[in-house]
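Line by line, the protein sequences are chains A and B.
First residue of the first sequence? That's 22 in our numbering, and the numbers climb one at a time after it.
First residue of the second sequence? That's -5 in our numbering, and the numbers climb one at a time after it.
No wet-lab data here; the hints were simulated from the structure.
Backbone N, C-alpha and C define an ideal beta-carbon position, used for all residues, glycine too.
Be careful, since some hints might not be right.
Said to hold, decoys possible - According to the in silico footprint, chain B covers these stretches of chain A (three or more CB under 8 Å from chain B):
#, region
1, 230 to 243
2, 284 to 292
What the hints assert, rightly or not - Once the Cα atoms are required to be at most 27 Å apart in a straight line, the calculated DSS-like pairs of lysine-lysine come out as:
#, chain 1, residue 1, chain 2, residue 2
3, A, K224, B, K8
4, B, K105, B, K126
5, A, K226, B, K379
6, B, K126, A, K45
7, A, K224, B, K(-4)
8, B, K202, A, K226
9, B, K328, B, K343
10, A, K45, B, K379
11, B, K72, B, K19
12, A, K224, B, K202
13, B, K195, B, K27
14, B, K27, A, K224
15, B, K349, A, K45
16, B, K(-4), B, K72
17, B, K253, B, K222
18, A, K226, B, K47
19, B, K34, A, K35
20, A, K246, B, K8
21, B, K379, B, K269
22, B, K126, A, K226
23, A, K246, B, K42
24, B, K104, A, K226
25, B, K42, B, K126
26, B, K24, A, K264
27, B, K253, A, K264
28, B, K202, B, K104
29, A, K264, A, K246
30, B, K269, A, K45
31, B, K24, B, K104
32, B, K47, B, K201
33, B, K251, B, K204
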Amino acid sequence: MFSGQGSQYYHMGKELYENHPRFKLWMDHCDQIARPLLQESLIDILYRQHSKSEPFDRLVHTNPALLCLEFSLSKILMEMDIQPDYVLGYSLGEIIASVVSGALSLSEGIELVIEFAEIFERDANPAAMLAVIDSVNIIEKYPQIFRDCWLAGKNFQSSFVVSGSTEDIQNLQSELDKKQIMSQKLPVNYAFHTQLVAPHEQKFKQLGADFNFTPSRIPIISSLKSEQIEHIDESHFWEVLRKPVEFEQTIRNMVDRDDYIFIDLGPSGTLATFVKYILPANSNSVTFETINQYGKNLSSLEKLKASMPVVDCEPA
Amino acid sequence: MKTYMFPGQGSQSKGMGGTLFDEFKELTEKADKILGYSIKELCLENPKRELNKTQFTQPALYVVNALSYYKKIKEVGKKPDFVVGHSLGEFNALLAAECFDFEAGLKLVKKRGELMSQATDGGMAAILNATKEQIEEILKTNGLNNIDLANYNTPSQIVISGPIEEIGSAEQFFQQGEILYYPLNTSGAFHSRFMEPSKEKFKTYLKKFKFSDLKIPVISNVTAQPYKKADVLENLSSQMASGVRWSESIQYLMEQKSKDEMDFEEVGHGDVLTKIVATIKREVASISQQSSSKEAVAKSAKETANTKQADDKKSASSPTKTAPKNNQPIEVPKAFLEAEAKVEAWNKKHPVGTKVKSTVMDYDSLETRTEAVVLFGHRAAVYMKDYNGYFDLNEITPA
């Protein structure tokens, strides 16, 4: 599983970068591709120029940073012989999943996420996103306070995301505080997954049309469509940015059919947490995170390897 | 001096060609007639998702490359000094050299695309940071006997090609040290022995065509040397079953400079080749600096080091214009044997991680990061940690 905007922070993956030579190689390889486009080193931005606690919210940096980090993590997992049967992305994570699946080459993926970030930085009005820790039903219960905001994604039973203008999100958060409903501002300055991004559709699709989408080597599950998808193209990616994320439904659809080992390749382990809450009590599916912001990334990587069940793989 | 380069498969994307089809209506109509479908619709709309299918990709790229070239010539009013094309792009290089006309070229490419698309169950993968010799050794050691080296893109980027299962199982052996491996999305094992049947059929087809004398020198993918007219039939058929020697071709062209450096310009859609050429220049820059005359280098050692730094920065943001300063011919067998002997002697005595210093430059705390290898067929060199470049064995000594 590949997470999107909101899961990033400065120094994500730094411990691995310094201690895991193969991870460093892949990150440096990504950096080499990104550098001419950014005019500076992504590694410097991620690991050298900022402290861990500074908000990491500049889209033109966070987009390629998430892609490069999650792609590099996927490579070292595969090198540990943890091979995915499916890839699943959340929002921007859908683009990352496409790169990992081979539907889009790494260099084109990096180019795409940087260039679409440039469109937003240039044209889009600043906005905000808020994760709310409660049932999505409270939107109907308190229509007044949610009036100027849009539902951006459903994470699990008691977590959803809304987008809106900076001011409206600010107001919403104080109203939620009054009702003692927990919420958390995401480090994202645009109202993704809502009609506020609609004006950028044409530019995004024009940009996307320049890329070379090919059949994937690994089946892709879309958390926009809540099911496996066959074709990736710029129209799909546009819908991913424009429409709400149906993460909860996607996981439900999957575990209704089969048991899975869910591995979160995002930097914060948030998707693993969502899945934990979504899985029914009697489920045989399990979920793991790869790294998180609290350190010991190397040992959690080893633990992950150790916890992988030994399965007799039947030939596909 | 100017070289026009024409890209091959991998450069296509929806929207390519843009307004060219309207600007060159007559040629576009001719193309539609030969192909039996609208080339403009395929390139701009791709309604049936066919653009990534080899039999469609190849004619589409050929037409876009050709129209881009005609437009370019119209604009600048001058032909280039050399032309070269990557795989399919070589047909556009030959078209530019007037070896055949637009329609004949399109017929050839259409046939080539059809034949190549029939090859299924093949795959390709890119390998970074390994030399040809290292890759061959790893393949041999692990019994991967059906994989061929397909594209020598840059000194450190080589593409392999073979049966899809072997390309899959090869991955585990290329995950050591500095080596990076990633599979590519191609339908067949292009530029490998698995194209032999297609190659034979293509050769038969090629025999129906007449080829004219080349008006511009064309560098061949197969030989990395200029074409001779007599080579056309043989080169164009064997091209699909043998490796694309792109890195050497570019280095050959870099050495053809007269007063000024060779200027490379990509004609067609995208900038894949421009990026590859920038990487080749960056990778050979350190070696060529080493191989300039020792005196000159020693004299300006500090200056060179500074320039090198500046170049590194520049090449990160834009293709660097720096070309190597050497005029040695490529692939002299005697030179290869000598280099090989040097490499063997070095590796016997000095393990990876040996501390060395440069005898001509101002670097004293260097450490080798690989075994020594023969580069470009004649240079004994070893990769240096932190410096991230190859040093000539003649110009280093253990510290």
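So if I understand the rule, the pair passes when the alpha-carbon distance is 27 Å or less; does K42 of chain B with K126 of chain B pass? Since the Cα atoms of K42 of chain B and K126 of chain B sit roughly 39 Å apart, the hinted pair is violated (cutoff 27 Å).
Just to be careful, I want the Cα atoms of K253 of chain B and K222 of chain B compared with a cutoff of 27 Å; is the pair within it? The hint holds at about 26 Å.
Agreement of K45 of chain A and K379 of chain B with the hint, judged by alpha carbon distance not exceeding 27 Å: Satisfied, since the Cα-Cα distance of roughly 15 Å is no more than 27 Å.
Take a quick look at whether K(-4) of chain B and K72 of chain B sit within 27 Å of each other, Cα to Cα. 10 Å, holds
K47 of chain B and K201 of chain B: Cα distance at most 27 Å? 26 Å, holds
Could you grab the alpha-carbon distance between K105 of chain B and K126 of chain B and see if it respects the 27 Å cut-off? 31 Å, violated
Decide if the proposed pair is consistent with the structure: K246 of chain A and K42 of chain B, CA atoms, cutoff 27 Å inclusive. Holds: K246 of chain A and K42 of chain B sit about 22 Å apart, inside 27 Å.
Whether chain B covers the region 230 to 243 of chain A (at least 3 residues having a Cβ closer than 8 Å to its Cβ atoms): Check passed, 8 qualifying residues.
Is K269 of chain B within 27 Å of K45 of chain A, Cα to Cα? Holds, because 23 Å separates the two Cα atoms, which is no more than 27 Å.
Run the distance test for K379 of chain B versus K269 of chain B: straight-line Cα separation, threshold 27 Å. Judged against 27 Å, a Cα distance of about 24 Å means the pair holds.
Is K224 of chain A close enough to K202 of chain B, meaning Cα to Cα at most 27 Å? It is violated: about 47 Å lies between the C-alpha atoms, which goes past 27 Å.
Within a Cα-Cα threshold of 27 Å, do K251 of chain B and K204 of chain B meet the stated pairing? 32 Å, violated
Of the hints listed earlier, those the structure fails to meet are numbers 2, 4, 5, 7, 8, 12, 14, 19, 22, 24, 25, 26, 27 and 33, in rising order.
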